[in-house]
Structures are given as C-alpha cells and as structure tokens.
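Chains as they are written, first to last, in our numbering: chain A, 9 to 334; chain B, 92 to 413.
Heads up, a few of these hints could be off.
Simulated DEER-style distance windows between Cβ atoms [unchecked claim]:
(1) K145/A with E99/B: 56 to 62 Å
(2) R294/B with Y23/A: 40 to 46 Å
(3) Q246/B with R312/A: 38 to 44 Å
(4) N162/A with D165/B: 23 to 29 Å
Capping the alpha-carbon separation at 16 Å, the derived lysine to aspartate or glutamate pairs in EDC-like fashion look like this [what the hints assert, rightly or not]:
(5) K286/A with E125/B
(6) K97/B with E125/B
(7) K229/A with D358/B
(8) K215/A with D358/B
(9) K85/A with E99/A
(10) K348/B with D273/A
(11) K106/A with D236/A
(12) K336/B with D273/A
(13) K101/A with D133/A
(14) K105/A with D185/A
(15) K357/B with D236/A
(16) K293/B with E337/B
(17) K284/A with E287/B
(18) K286/A with D235/B
(19) K357/B with E253/A
(20) K286/A with D361/B
(21) K364/B with D170/A
(22) K211/A with D361/B
(23) K211/A with D358/B
(24) K89/A with E15/A
(25) K229/A with E125/B
Hints in this document: simulated from the structure, not taken from any laboratory.
A virtual CB, placed ideally from N, CA and C, is assigned to each residue, including glycine.
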Amino acid sequence: MQSGLVEIVDLKKHYPLSFGFFDRFTGSVKTIKALNGINMSIFKGETVGLVGESGCGKSTLGRIILGIEQATEGFVKFNGKRIDDVRTKPEMKAIRKKMQMVFQNPAGTLDPRMTLYQVLSEPFDIHYKLTKKELDKRIEGLLEMVGLHYGDSNKLSGEFSDGQKQRIALVRALSLDPEFVVADEPVSALDVSVQSQILNLMKHLQKEMHLTMLFISHDLKIVRFLSDRIAVIYLGKIVELGPSEEFFENPHHPYSKGLLSSILDINPGLNSTQFKIKADVPISQVNIPRGCVFQMKCYGPTDRCRKNEPELREISEGHFTACFGN
Amino acid sequence: MESILKVEELKTYFYTLGGVIKAVDGINFEVKREEFFGLVGESGCGKSTTAFSIMRLLDDTSKLEGRILLGERDIVKLSKRQMRHLWGNKLYMIFQDPMTSLNPVMKIKDQIAEVFRKRGGRALRTNEIIEKGCSLLGQVDIPDSERVLNQYPHQLSGGMKQRVMIAMGIATSPDLLLLDEPTTALDSTVQFKIVELLLDLKREYKMSQIIITHDFGVAAKLCDRIAVMYAGKIVEQGRYVTLLKEPAHPYTQGLFKCIISNSQKKDYLDTMKGYLPSLYNLPQGCYFEQRCEISKPVCREEAPPLMDVGNEHLVACHHVGH
C-alpha cells in the first residue's frame, strides 16, 4: 500500500468540558469529541479538499496535522515519521519548515503594524541566515509571484486590501518552499471577484511548486476547483472519500448528497430540490449517538445504523463511503 | 403594480475625521407590493447602508438626502420618535447574525411577547403568549415549539435562531421586511431550508421584501428584481432573469463570470482585475472605469446616467442605450 506524504492514523481529539467535583467519580465527565477516529492518507502532489459544516472538526484536523494542537489518541506521520515522536526543538523546526498553513481571516494573520518587508522576512529570520542582499532578492521574487510590487514593501501590512493581504499570507506560507500546505477557508472571507483571483493564484502555485495540499472549506464549488480528492467530514468522522469528479457525479453518503443539493446555483433553473436530510437538528459534539454519526439527520436510518458504526468501505475505485445503505 | 417603497436620489454620507464617505451616492429604485427585491453587490458597495438608511437606523455621524417614500410618507423627514411607530408595524429588519440579534438573557417566549407588546395594544397574558408563540413558530417550521419558547437563544442552532427572527418579523405583519444577508452565517444545508421558508412565506403572507446579499445563488432563488450596487451607486437594475441572461453593465458581467457555476469545470476562473476605489476618494466619472475593459474617455469625465433599456431593465453605462 503506497503511503502518503501525510498519514493520519485513528486520530481522535477530545476536549473535556468543565465538570463538577463529583462527576469524576460518577463517570459523567462530558467531552467534546471534535475528532473521533480519522484515518486518511494525503499523497505527494495531490490536493485533498476537506468539506464539512460548522462543528465537524475540519479545522481541528488541520491544526493537529501541523502540530499546532496535540491529538488525544492516534497520530500523524509526515514523511514516514510520527510528528508526536519529535523530541527536540531543532527537529520540530525542520518539520515546521516543510508544513505551512494559510488561515481564513487575512487581516488577522498579519501584524498590521509590521511592514510588508518585515512580514515576509520573518520566516527567513527564524529558519535561515541570509544576507540582506539575498533576503531582498527572495522577497522580490515572492512578491512577483503574487502580483505585488517590491516598491510596496515599506507599506504597513494593515494598509493593504483584504485580497492583497491574503496574497501576502499565501506567499509567506510558501516562502520556505514547504512540501505540504494546509489552507483553512483561505477565500471564505473575500468578495467573489477577489476570490477568483486568489483561487487562480493558488492553482498556479500548486502546479508550479508541486504542492501537496489539504484544502479545508465549507464551499463545495471552491473545493471542486482545486481538489483531486474530496473528503467529507461529519461530527469528527470521515463519511465519504473519493476522487473529485467521481464524488461530484456520484455522491453516496446522505450527508454528501444533502450538501451537494443545497448549493444554490446562480441560474434559478438549475436549482434542484434538496436531498432530504434533517438540516435543522442541532448537532451535539458531546452526545454523539451510538452507531452511525449521521443517524439524527438521516431520513433512512435502520436498526443496524443505530447499533453499528459504519466503517469506510470501497464502492468503486478509490471511492469510499461510511454508510450501510446502497 | 402598486409600490410599497420608492427611493429617490438617496444619498447617505458619513462624516469622519478622514473625510466624507459617500456610502450611498444617489440611488433610485422602487419595491412593488408582494415583490422580493434584491440589493446585490460586494462588500463596501452600500447595500447594507441603504437598508439602514431606509430603516433610519443610522446615527448623527451620517447625513441622509433624497426621499424614501413608504406609501405616501417621506420617511427621511421623520424623527426617531415617529419612526418608532413604523418599526415593528410597517417596517421590520432582520439582521445578518442571528446570534447577536436575539437577547441572550431572555427566553424566546419573552422576546416574542415583547414584539407583540411593542406593536401596541395590551400586554398579553401568559397563555396567550404561548398560544401565539406556538402558532408563530409553527409557521416557520420550528418543531416542538412549546419547548423552544422556554429556551434561551444559546440553546438553539443558528438556523433555529434565524427562524425565530423571521417569526418575529412576520408577527408584526410589516408592509416591508428587510433582510440583511439572512443566510450568510448559516451552513449551506440550513441556508437552503431558510431560503425555502422565505419563499413559502412570500406566497402565504404576500409580504414585500428587500433582500441584501452578496450571494447570487440566494438572489437567484429569492429575488424577482435586483439592483446591482457598486461603490454606492446602482449600476444595473431589473428582473433577475434578465440580468442573468443579458447583463449589460461590465461589472455585472464580470461578477457573473467570476462566480463558479455548478455546471462548469474550468482550468482557471474568469476574474475581474483591480479593486474597489477608496470611498474617501471616488473618481470623477464612472466609479467602475479603472477596472473596466471597455472604458473610453467619457467614462473618466462623466458619471453615466441610469438608462432604461426596456423591459424594466436599467443600466448606468456610457456604452449602453441612447
């Protein structure tokens, strides 16, 4: 079995809720099960789109893969090595160079009082020793990659528009030539006309730099544009996984079908009726029912669904679903 | 068809230390009875400010000019005290984030009771509140309404909160309901249901609505007519399907191209070059000129007037009509 650049093995992340003194003894400590057993490989050179709605655990997964948060159970391997096995600071630093993240809120990730130059030189200051001349050259190259000018490098980062800030955040993430990038809703906060610019840029860089990417988003249309494979996550579990076009043509899991049919097309004639799921049922990450995670929202749960948890099974080449149904 | 609202040459300027922001710069439109009218555009275009201006919710840092005719009355001229009679009666607005619109320390039933009380008339007895409350919540498809009435907002999901907001909106049976990005904060599966709910309510209550959104998918599903706004001006206006089929303004054309349609798989997306001009420093002629592929000299000198190109379709572009 070919192993991926990133291997996620049985990953769980539980957050304990505050509890009373006696709960410890009665066993009623509540936990938020943000991730509840994730198994996935991300292969070199591919982009996996991770989709799910609020509370599904997708951002948590991104942070754990990068080592920003620790898993409760299970582990992540990068380049064959477990990242939780890393003991020394220099080792961790070496891995951090190869893995980077782009966040959702462009304004929030740049210090508005740092100049563009300072923002871009920071990663180099941390990881390399470069002369001013070498640094200047690097920064000029980076700015060119994303259509910004070296002449602007003395401007404060707070002076740029949202779209420009996101380009800056992108190019900063790519400045150390990482092998793997996690992009967490990188364009969700941007206007439509700017979104398309950034997405094109990401596609271009993806190809140029042979990046491996985990693209996290709630917006399926955007994910489709950049991803080779799609993983759908619900209440901390992957419920469907498959090649991008296969997923869009033949979604299997009821949640996937629900998500896809909820897309409102700009052409009113193309809007389908929504695949029936109980959309408004408040989901709780604390009281996850026994059996299938999706049973509360599904219109067709059987007894089997309520008793047993469906594992991911292959329904066509590379296409997996966690649903007992046909 | 009779119009519920007529906006004439509305200008909303904000006076700040940095200068004057012309958030809304001379717009004209009308909303007919039983119509869903969309104010569509990207951030900073002035759509929300227009709604707040209509509702007269802005404070003294802004100045309104022009006329807003609700029926026969020009509400620009009214005092806040006079507006209070209209709020919850003739006009109601539902805001973007249901999480911040509901009072977090009041139970749902008390907030609904408050809506009825503000409408005038006597205070309702407890059993009347429950009865009216259940009926209302039922109309917005909230199951288990008696239990929900006794809950606090934080116990409800985003979609439920927004339904409660909509329920409070229809409770007042306003002539005009304004919704500011009603589904932006919601997941897509919930958004779909809320949009369907609004359509059902349109059929049942025959309410006129102004919907503010940046999402053309939402506009496609809900709106009869839309106005596309850019930098405080309306650049194009008309029936949604007309604009979709034959967008005449370069900005509208650009926007539709940028949006990824469900049915297409592309290598690279179409984009629009450039950015919104600074609202402190708007150009002399057409505000879109800097980003326009087909700009000519007159575009830099003169602001294009809104021209009627037939079939209720209006466009503000020097290349169109005459």
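Going down the list of hints, with the structure as the test:
no.	hint	result
1	K145/A with E99/B: 56 to 62 Å	holds (58 Å)
2	R294/B with Y23/A: 40 to 46 Å	holds (45 Å)
3	Q246/B with R312/A: 38 to 44 Å	violated (32 Å)
4	N162/A with D165/B: 23 to 29 Å	violated (51 Å)
5	K286/A with E125/B	violated (30 Å)
6	K97/B with E125/B	holds (14 Å)
7	K229/A with D358/B	holds (13 Å)
8	K215/A with D358/B	holds (12 Å)
9	K85/A with E99/A	holds (14 Å)
10	K348/B with D273/A	holds (13 Å)
11	K106/A with D236/A	violated (21 Å)
12	K336/B with D273/A	holds (14 Å)
13	K101/A with D133/A	holds (13 Å)
14	K105/A with D185/A	holds (8 Å)
15	K357/B with D236/A	holds (14 Å)
16	K293/B with E337/B	violated (27 Å)
17	K284/A with E287/B	holds (13 Å)
18	K286/A with D235/B	holds (14 Å)
19	K357/B with E253/A	holds (12 Å)
20	K286/A with D361/B	violated (36 Å)
21	K364/B with D170/A	holds (15 Å)
22	K211/A with D361/B	holds (13 Å)
23	K211/A with D358/B	holds (9 Å)
24	K89/A with E15/A	holds (9 Å)
25	K229/A with E125/B	violated (32 Å)
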